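Given next are the chains, with one letter for each unit.
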Amino acid sequence: MSQDDTLQGRYRSAVDELAGALNSNDEAAFRGAFDRLRAQLNIDLNPELRRITADAQSALRRFREEARLEVLADQEVPDARRRLAHVVKLTEEAAHRTLDLVEQSTPLVDRMSVEAAQLLEEFGLHGSRQLAVSTMWPERATESLERAVRDTEHLRRYLSQMLLAQGYQDLSGQIISSVIKLVIELERVLGELVSLAHGEDTRRMPALKLEQTQPQPDLNGTGPIVPGVSRGQHLDSQDDIDALLASVAGGK
Amino acid sequence: MSNAMKILVVDDFSTMRRIVKGLLNELGYTDITEADDGNTALPLLKGGAFEFLITDWNMPGMPGLDLLKAVRGDAKLAKLPVLMLTAEAKREQIIEAAQAGVSGYVIKPFTAQTLKEKIDKILASKAAA
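Listed in order, the protein sequences are those of chains Y and L. Heads up: the first sequence begins at 1 in our numbering, then just goes up one per residue. Heads up: the second sequence begins at 1 in our numbering, then just goes up one per residue.
The set of hints was computed from the structure by calculation and includes no laboratory data. Accuracy of the hints is not assured; some may be wrong.
DSS-like, lysine-lysine: derived pairs with alpha carbons at most 30 Å apart [stated by the list, open to error]: (1) L:LYS79 <-> L:LYS126; (2) L:LYS126 <-> L:LYS46; (3) Y:LYS89 <-> L:LYS90; (4) L:LYS90 <-> L:LYS116; (5) Y:LYS181 <-> L:LYS69; (6) Y:LYS181 <-> L:LYS90; (7) L:LYS79 <-> L:LYS46; (8) L:LYS76 <-> L:LYS121; (9) L:LYS69 <-> L:LYS46.
So the derived label-pair ranges between C-beta atoms look like this [as the list claims (entries may be wrong)]: (10) Y:ARG147 <-> L:ALA49: 42 to 52 Å; (11) Y:ARG231 <-> L:SER125: 28 to 38 Å; (12) Y:GLN104 <-> L:GLY73: 38 to 48 Å; (13) Y:VAL226 <-> L:THR114: 20 to 30 Å; (14) Y:LEU45 <-> L:GLY73: 55 to 65 Å; (15) L:GLY73 <-> Y:PHE63: 46 to 56 Å.
Note that the coordinates shown come from a computational prediction; the quantities given were computed from them, not determined experimentally. For each residue, glycine too, the CB sits at the ideal point set by N, CA and C.
Excised from the complex, chain Y in its bound form (with noise of 0.2 Å):
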């Protein structure tokens, strides 16, 4: 009879013996049996084991000797991380600049308002074109004035919406800002990753290490509606919140 190759053959005689050993209880024959079942499952595993140990090495030397993964850890993806912490920067600075300008124009276009408003008030001129003519007053100046108060009042919602309009500044520095947070954890793991593969101590980085972050739960906000990205049910209009906030309101 060949040579029986299946696991239950090259186990079945250990099995057996370390079976025989237990039902005559005879101890030191147990341990005997014992001993040589262990031996033999760690001839089979020990092959596995070195195929294992060897893909794991061969894989840190080629992440060793990948030199761009250390390029990546070590500057671009901290640069990347500054780049986009630069972009909230400026556009905070612009949105800034933008207000000034809001806040300096509104107070000269009231003025304008004020005094075009008054002029025609004072001269009696609102609607009476007779009295115009009487007082000499060039009609062309009534109509510029009337004109003034209703450009005046025509920029000064045009200003506010201009305020407005700045709100981009905080919906686009919260995405970034989020985004800034996946780059400081990709850093942090490329970090290490580099660290292992070099066989040094991951306390090469410790400020990487301080700037773990943990999954934010919703509690702390989760920014603006991303086409693409946000998940979950959305509301999309300022309708479908208060009618929301009505339900609920009423089923409590």
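Put chain L on the given structure of chain Y with help from the hints.
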């Protein structure tokens, strides 16, 4: 409605605080104080006679929802009108804010008209209570 109403605006973005302050000025409200998160807002609320709170949700330190809960849990502040002005639009977040006792919820980006309507509505409800 009192234009002398003392309002606290809480947002971590200075641009948004400035925008809200500017819009409130246009509506006639001039007594406005700013804070950049719940941790700085809460002592101000406890120490000052604020009549209205406008807060963002997503802020480092103490987020707006925690601030709302702290306000509702404080006997002296519990009845303070709180308007949440935020980009958070998840259904469950809005329900959570409503259950925590938010007086109004405005989603960013918003209009001056929406802000005015919500403030007026909250003040009218308070006056009727």
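These are the hints, each one checked on the structure:
Under the criterion of a C-alpha separation no larger than 30 Å, the hint pairing LYS79 of chain L with LYS126 of chain L is consistent with the structure, at around 9 Å. Taking the CA atoms of LYS126 of chain L and LYS46 of chain L, the gap is about 20 Å. The hint holds against a cut of 30 Å. A hinted pair counts as satisfied when its Cα atoms are at most 30 Å apart, and LYS89 of chain Y with LYS90 of chain L qualifies at roughly 28 Å. At roughly 23 Å between alpha-carbon atoms, LYS90 of chain L and LYS116 of chain L fall within 30 Å of each other, so this suggested pair holds.
A C-alpha spacing of about 26 Å is found between LYS181 of chain Y and LYS69 of chain L, which places the hinted pair at or below 30 Å, so the restraint holds. About 21 Å separates the Cα atoms of LYS181 of chain Y and LYS90 of chain L, which keeps this hinted pair within 30 Å; it holds. Our distance criterion of 30 Å between C-alpha atoms is met by LYS79 of chain L and LYS46 of chain L, whose separation comes to about 13 Å. Simply put, LYS76 of chain L and LYS121 of chain L have alpha-carbon atoms about 22 Å apart, close enough for the 30 Å limit, and the pair holds.
This hinted pair checks out: LYS69 of chain L and LYS46 of chain L have alpha carbons roughly 14 Å apart, not beyond 30 Å. In this structure the supplied range 42 to 52 Å holds for ARG147 of chain Y paired with ALA49 of chain L, their Cβ-Cβ distance being about 45 Å. Between ARG231 of chain Y and SER125 of chain L the Cβ separation comes to about 34 Å, which falls inside the hinted range of 28 to 38 Å. Separated by about 43 Å at the C-beta atoms, GLN104 of chain Y and GLY73 of chain L satisfy the suggested range of 38 to 48 Å.
Taking the beta carbon of each, VAL226 of chain Y and THR114 of chain L are about 22 Å apart, inside 20 to 30 Å as hinted. Distance hint check for LEU45 of chain Y and GLY73 of chain L: the Cβ-Cβ separation is about 60 Å, which falls inside the suggested range of 55 to 65 Å. The hinted range of 46 to 56 Å is satisfied by GLY73 of chain L and PHE63 of chain Y, whose Cβ atoms lie roughly 52 Å apart.
Checked against the numbered hints above, the structure breaks none of them.
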